[in-house]
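Trainee: Take the sequences, apply the hints, and build the full model.
Each chain is listed here by its residues.
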Amino acid sequence: MYKVILATRYLLKRRITYFAVLAVALCVFIVVVVMTVMTGLVNDFKDKNHSFAGDCVVGTESLVGFPYYEDFISSLAVRDFVEAVSPAIKSYALLTVRLRDLNIGVEIVGIDPIAHSRATGFAETLYYRKGDVSRAFVPSYDPNLLGCVLGIDIAMERDSRSEYPYEASPAEIAFSISCFPLTAKGALAKAGAGLVNTQTFYYSDASHSGLARVDGSTVYLQFEQAQLLCGMAGPVKRISAIHIKFKPDVKLQDGCEKVASLWQNFKRQTAGREQADLLDTVTVQSWKDHRRAFIAAMEKEQTMLIVMFGFVGITTVFIVFVVFYMIISHKTKDIGILKSIGASNADIVGLFSGFASLVGLLGACIGLLGGWVFLLKINRIESWLFEHFRFQLWDRTIFAIGDIPNRVDAGVLLAIAASAIAACLLGALVPTWQAAASRPVETLRAAQL
Amino acid sequence: MLKLFLWLRYLRKKRIVLLSIAAVALSVSLLIIVASLFSGFINAFEQSAVETIGDVVLLAPVKFAKYSQFIERLHQINAVDSATAAMSAQGLLHLGKGNVRAVNVWGIEPESRAKVTGLKQSLLKQKDSAGVPSFEVAGSPDKTGGFVGIGVLGEPDEKTDEYDIKAVEKMLGRPVVLTTGAMVEENNSSTDRQGGQFRRKTVEFTIADVVFTGVYDLDKKFVYLPIAYLQGVLYPDENEPVADQIQIKLKDGSRADSAAAQIRGLWQVFAAAELGWGEYHIRHTQIETAREMQSRYVAELRKQMGVLLLIFGVVSFSVVVLIFCIFYMIVSLKQKDIAILKSCGAASSSVACIFLGFGLCVGILGSGIGVLLGYIMTKNINTVEEWIRIIFGLKLWKSSVYMFSKIPNEVDWASALQIVMWAIMAAAIGTLIPAVVAAKVKPVEILRYE
Chain A
1 MYKVILATRY
11 LLKRRITYFA
21 VLAVALCVFI
31 VVVVMTVMTG
41 LVNDFKDKNH
51 SFAGDCVVGT
61 ESLVGFPYYE
71 DFISSLAVRD
81 FVEAVSPAIK
91 SYALLTVRLR
101 DLNIGVEIVG
111 IDPIAHSRAT
121 GFAETLYYRK
131 GDVSRAFVPS
141 YDPNLLGCVL
151 GIDIAMERDS
161 RSEYPYEASP
171 AEIAFSISCF
181 PLTAKGALAK
191 AGAGLVNTQT
201 FYYSDASHSG
211 LARVDGSTVY
221 LQFEQAQLLC
231 GMAGPVKRIS
241 AIHIKFKPDV
251 KLQDGCEKVA
261 SLWQNFKRQT
271 AGREQADLLD
281 TVTVQSWKDH
291 RRAFIAAMEK
301 EQTMLIVMFG
311 FVGITTVFIV
321 FVVFYMIISH
331 KTKDIGILKS
341 IGASNADIVG
351 LFSGFASLVG
361 LLGACIGLLG
371 GWVFLLKINR
381 IESWLFEHFR
391 FQLWDRTIFA
401 IGDIPNRVDA
411 GVLLAIAASA
421 IAACLLGALV
431 PTWQAAASRP
441 VETLRAAQL
Chain B
1001 MLKLFLWLRY
1011 LRKKRIVLLS
1021 IAAVALSVSL
1031 LIIVASLFSG
1041 FINAFEQSAV
1051 ETIGDVVLLA
1061 PVKFAKYSQF
1071 IERLHQINAV
1081 DSATAAMSAQ
1091 GLLHLGKGNV
1101 RAVNVWGIEP
1111 ESRAKVTGLK
1121 QSLLKQKDSA
1131 GVPSFEVAGS
1141 PDKTGGFVGI
1151 GVLGEPDEKT
1161 DEYDIKAVEK
1171 MLGRPVVLTT
1181 GAMVEENNSS
1191 TDRQGGQFRR
1201 KTVEFTIADV
1211 VFTGVYDLDK
1221 KFVYLPIAYL
1231 QGVLYPDENE
1241 PVADQIQIKL
1251 KDGSRADSAA
1261 AQIRGLWQVF
1271 AAAELGWGEY
1281 HIRHTQIETA
1291 REMQSRYVAE
1301 LRKQMGVLLL
1311 IFGVVSFSVV
1321 VLIFCIFYMI
1331 VSLKQKDIAI
1341 LKSCGAASSS
1351 VACIFLGFGL
1361 CVGILGSGIG
1371 VLLGYIMTKN
1381 INTVEEWIRI
1391 IFGLKLWKSS
1401 VYMFSKIPNE
1411 VDWASALQIV
1421 MWAIMAAAIG
1431 TLIPAVVAAK
1441 VKPVEILRYE
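Quick note, the sequences are listed as chains A and B, same order.
Here this note's numbering is used: the first residue of the first sequence is 1, the next is one more, and so on.
Here this note's numbering is used: the first residue of the second sequence is 1001, the next is one more, and so on.
Bear in mind the hints are in silico, worked out from the structure with no lab data behind them.
Cβ atoms here follow ideal geometry from the backbone N, Cα and C, with glycine treated the same way.
Just so you have them, the derived chain A footprint on chain B, three or more residues with Cβ under 8 Å:
1) 1021-1028
2) 1092-1099
3) 1173-1180
4) 1320-1327
Far from chain B, some chain A residues (derived; all Cβ distances over 10 Å):
5) D159
6) L279
7) T283
Mentor: Below you can see the structure in the form of structure tokens.
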């Protein structure tokens, strides 16, 4: 009981302790704000990648694709752990705006919009056809034309509020899309006959996935049209990938393992058939592995920021050390009296460790509260700064970010608070041990009393 | 003299002061490293633009002829060192066996381009050869050669972020196919109406050399062909050589903005007189320095640097608190010394100056160590990154994410100086209150015999 009383007394009476509390609060505040924003950005990015890819992707990096996908999709669709399956064609193409000298390299993705919307979040990315994804490739101005869905950043420019200037209906714009059709061996299918396939498509919708690379370079086409363009519609049809969504109660790892096992069986059964060697290039990946190249970069940034704040947090440890060193230097008589009436070394350590924990807890609470309030208002603050000073933390015309993430994660808060308390305990460690090691006979000498 | 004696004594005897020096050093080094890395990245970004497209770029809204005449006139401007014409297009490149890439195609004159940019140093095969770079294919002078960016031919290794140069060199001499196109103006005879028609073109060329600039986006996207050949493919009906941009290198020491203004004036006269262009096309010709073209993105990078430095600066402000605590403790423990000094005739201001000066010493010493630490870390950052990769298997810096193959490692001395000034000021602020407390010590109270 006396430990609690003494710890509280030191906290209230020794004003120098307030500096330690202030330092802890300041560090916690900064870390909470930065880590919440960073974690929010990373999680948002991961969610968007998950929505883009589905749960699992069976696919190949090769632009030649792989055959006999219909058989595999049929076997997948009847499985009780599979919710939806969507085949996709992926390749590179040249997109030309008719009547304008605009010619850009894009990635074409050939899909069945209904199947793809069941397996991924495709429908949610559309604007004009969000409620009727079956008509995603049907231009509203002429249903007889072949439609295409452009990545939003190909179709229009984002303004400084991260908004796009959607018209009431899609403009009637024609695009020529040219592609190298490839044989199953990867050679040019139209060697000696023009080499490329070109088809005209009309703008039917825009897709806003929130992923900058995808929105700036992807064009979605009707599955059959893409298959024809890429030369994959021969006697043995080919595709590039199968996107799979699992049922809600299926764990990602388990689902992917089951799919991988099915794929291995399928490969064995298909061995020996024409073009079956193309199946060797196919991998089964969870969405995390499939999008690893993009997600890893952001996760690494987050890790580096944590490490940098770790170094900065060392300053907090120093401050706590100094404050406790000062307090204990002044309290040698108190400690001597406590020990002379029976307090053990462990009791003394317990007392000052408790005091350090109290400092850390108080500082953490103040920092967390301040951080939470700041995060609640962060978007309003940024809007105010933009209206009055044209200042944005991230220029929305350059960075594909909406509102600044400000959802506080309880786990992150707990981790930061625990780290703050641990830092205080670490800082107080040496002075506490010194206090415990002091001898009453030396500290209570008459000359010093 | 007394002050110096006391400073040195306190420094030696009061080991806790070393903690404040360490805290100042740590904060200063961290801020210097962050500022240097950011500044280095920004400078490398701007420099790479200059090395790729020259100091000043003229971008016309449409293709234009007689560019060689304009280049001759450009040489009459004192500031201009050399100039080269270029033509740009987008294309799809088939490298063989299912390997297709979307690329940016530039038609160039390698000889003049090597004077304007660092083209020769970027070529894998020809960088050490005598003479000017050329598109000639070894052993096949009749074939059309082209340069291909190293990133077009392959990706860097996942773990080491290095290209397999041997595998890339095997692709030299390989024939490849490029599909591209351009708008061609046509007269519609039935309606007697002029209009544009997009013409798709497919060409074959041989890889004569590989370009490795160290800038990921450039290496991944660019293919270079002879400008005359590209022009013949895209605009076969043109009688004269055409281009859509001029890239200009300025002489050392020239001011890019004033040179750009002179070039603008020259272009206005040339376009009106020689090309017969109207006001619209002349006004829509972009003539900018390479740095101006990147200015928006660079401004955003500088903003991010400022925000990060502010965050670390605010946290490092706790160093002020640390110094305050330490000096307050020293003053509390040294009250008898201070009282003796005052009773020997030292003025209050003198006593205050002792501690203020000591605080400044701590700041200067800590900053000095911090600058040294920051310098060593910044200069060896690539080695540190390599060691982290070897020990932890973690590749922190990838060219596909951060654009450059190597982390820029030049110390930003301007920022370092500012950081040091702030650190010394922070140390002085931290000792202010303890110095005032020391100055207010009354000898008659402290030296009382109890």
